[in-house]
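Could you build all of it, start to finish, from the sequences and the hints given here?
First residue of the sequence shown? That's 1 in the numbering used here, and the numbers climb one at a time after it.
The hints are simulated quantities; they were obtained by calculation from the structure and are not laboratory data.
If you're wondering where the values come from, they're calculated on a predicted model, not measured in any experiment.
The beta-carbon is built from N, C-alpha and C at its ideal position, and this holds for glycine as well.
Heads up, some of the hints might be wrong.
Computed spacing ranges between beta-carbons, pair by pair [to be verified]: (1) V9 x A29: 22 to 30 angstroms; (2) V9 x I30: 22 to 30 angstroms; (3) T34 x L8: 33 to 41 angstroms; (4) T34 x R7: 34 to 42 angstroms.
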Amino acid sequence: GLSGVSRLVPASLIATMSFFGAAIIFSMAIQYLT
Numbered sequence: 001g002l003s004g005v006s007r008l009v010p011a012s013l014i015a016t017m018s019f020f021g022a023a024i025i026f027s028m029a030i031q032y033l034t
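In structure tokens form, the structure reads like this:
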């Protein structure tokens with residue numbers, strides 16, 4: 001599961017992916033609402 005992936009992938013990469021993922025979702029939500 002995700003626990004196995006988190007052990008293999010550096011925490012910094014996970015944080016970066018989470019940040020960009022949130023940014024993409026946020027921008028999509030803005031485009032949808034406006």
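**OP:** Quick one: which hint numbers does this structure break? Sort them smallest to largest.
**Re:** Violated: none.
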